[in-house]
Amino acid sequence: MSFIVHYKKSTLLHSIFLIFILILMVLISSSCTKQEDNTLVIAKQYGIAYAPLQIMQEKNFLDAHLEDTVNVEWVQLGNTTAIREAMLADGLDVGFMGIPPFLIGLDQGMEWKMMSGLSESPLGLITNDPSIKSLEDLVDAGKIALPQPGSIQHILLSMEAEKKLGQSNIFDHQLISMNHPDGYQALLVDDTVVAHYTAPPYIFKELKEQDAHLLASGGEGMGEPFTFIVGVCRESFYEDTKQYDAFQRALEDSINFLYDSPEEALDILSQAYEIDRETLRSYLYDEQMVYTTNIKGVTRFIEFMYAQEYLNKQWEAEEVIWKEK
Amino acid sequence: MERKIKNRKKILWLILLAILWEIIGYFEWVHPLVFPKFSTVLIRLVLGIKDGTLLIQGLHSLTIVLIGLSIGCLIGLLMACLDYFSSPLQALFELLATMLHPLPGVVILPIVLLFAGVGVEGICLVIIHNVVWSFYLSTKNGFKNIPKEYIEVASNNGASQWQLLRYVLLPLSTEHIKTGVHIGWSRGWRGLISSEMIFGAISQIGGLGWYMYERRSFMDTPGMYAGIIFVMLIGLLIEGYLLPKFNM
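So the sequences go chain by chain: A and B. According to our numbering, the stretch in the first sequence is residues 1 to 325, in order. According to our numbering, the stretch in the second sequence is residues 1 to 248, in order.
Don't read these hints as lab results, they were simulated from the structure. No incorrect hints appear here.
Here are the computed lysine-lysine pairs in the DSSO-like style, where the Cα-Cα straight-line distance is at most 27 Å:
hint, chain 1, residue 1, chain 2, residue 2
1, A, LYS113, B, LYS37
2, A, LYS313, B, LYS50
3, B, LYS37, A, LYS313
Residues on chain B that point at chain A, a partial pick, calculated with CB under 7 Å:
hint, residue
4, LEU33
5, GLY117
6, VAL118
7, GLY119
8, GLU214
9, ARG216
10, SER217
11, PHE218
12, MET219
Keep in mind that this is a model prediction, so the values were computed, not measured. We treat Cβ as the ideally placed atom computed from N, Cα and C, and that holds for glycine.
Generate the whole structure from the sequences, applying the supplied hints.
Written as C-alpha cells, this is what we have:
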C-alpha cells in the first residue's frame, strides 16, 4: 500500500518537474526567436522631436525605398527603457531615444550603435515657484520631475549641477520619475513637485504658465550643441544594406519634406499631435528646434558620463556610431 | 521529523534551481542582460547589502508598511466596533467594503497622487486602503462568530457597550484579528512595492520598489534581480519567521 502511495507521489513530482522544464524551454526559445525578415519594426516615442518619423509614417516614405515584400511596422513606446528591452528581446529593428540612455545600454552590453541623428531641441528645467530664482534655491526645495534616472534630462541636470554647484548628484535624491504629460500636470497641481526637466512641446506650454521660468537650459550645462534624439540599431540591421540604406534615405526625405513643404507637414502633424496649426508652427519652426541627421555632442556626453561613473568605459566615437556606407 | 525531511527536500530543490540558473547563465542561452548568471546576481546582492543601499531601502519600505499597517488596522478595528453597535453605520461600512475591497491599491494611486501628492503620504494611503477593508471584514467576522450565549450573559449582567467590547468581543476574536493583520501585511507589502515601482513615487530614500525601478533604467539587470531576491527574502523573513512567532 505504502509503495503505491509513494509511487503516485513521485509520478506527480516528475510530471510537475517536466512541466517546469517545458515552460523553461518555451521561455528560452521564445526569447531567441528572430524577427521575421520581411518586417521592419521601428519604435518611436511621443513628442514633436519625433516629427520626421510621423511624416515618414504618414507619407509612406520608407515603403517607397523598400521592396514591396517588406512590411513596415511602427510602435510607440512609453519610454527609453521599454525600447531598450524590446530591442533586447529581438522585437525591434530601429529605435529612437536620447544619447545617454543609448550609451548606458551600450555600456551594459547591448550590441548596438547610432545610425543617425533626428533632432536638436531646446530642453530645460522649469519651475513655477517664484521664490526659486536660481539652481541654488532648488536644493532641497522639493521634488524635480523628469522621465527617469539616466535619461538625457537627468544627465543634463547633473552637468548643470556640477558646473554651477560643484556637485553633480546634488539633486539625485529629489528626483521623481514621470513622463512629460504627468510631470507637466504635477508641476501645476502638486505642491511637492517644484520643478520639471522637460522637452517640447511641454517646455513651450509650461513656460506660458503663471510664474513659470527657466532655471537651466540643456545647452548651458552641456556647453555645446547636442543632438536630442538619435536613431539606434543593432548590427544585424546595419548589415542588411538594402533596408539600412532605405531607412537612411527615407529619413532624409522626411526631414527635407518638413522644411520644404511646411504647410502640408503642419496638416499632418497638427492632426497627429492634436495641437492647433499656428501653435504647432511656432513649436516646429522654433529656431532652437533643428531636424538634422547629424549627431552632435557625443564626446561630451561620454566624457561626463564616464567621469561620473554612469559608464564603465570611455567609448570612442567609432564604437558608438555606425560607419557610413 | 516529517518536517525536517520536507525542509531538507526544499533546500535540495533550492540548490538544484540555483545550479540550473547558473548553467543557463553560464552558456548564455539567453542574453546575459535578460538573464544574468546566478553568481553575478548573488554577488550584487551581497554587495548591495554590504554597502547598505539595499538595507536602507528595505528598512525604509518596511517602516512605511508598518505605519500604513498600524493606521489601517486601527481604522479597521474602529469600523468593526462601530459596525457592531450601530446598524446604519453597519450598512454604510458594508457598502463601502463591498465596493472598495476588490480594488487593487495601484488602481487608486492616480487619485491618491492628486490628493496627497507624490511621496510617503500618498503611498501610505494606498497601503491603508489595501489593509483597512480586509482587516475590517475579518474582525467583523470574528465578532459574528462569537457564540450568542457569551454576549447574552454579558448583557444580562449589565455590561456596558465598552465592557462588552473589552471583555467579550475582542478577547474572543483574537484569532480573526491576527488573521486580519496577516492578510493586511501581505496586501500592504505588495501594494507598497508595486506603487513604488510603477509611479516612481519616492521620498528622500526611495524604497525597494524604486531601487528596482532605478536599476532597470540604468539597465543593471543583475541589480534588478538582486532587488527582487531581496524583496523575496524580506517576505520570507516576515511571513515565515516573524509572524509565526506571534502565532499569526
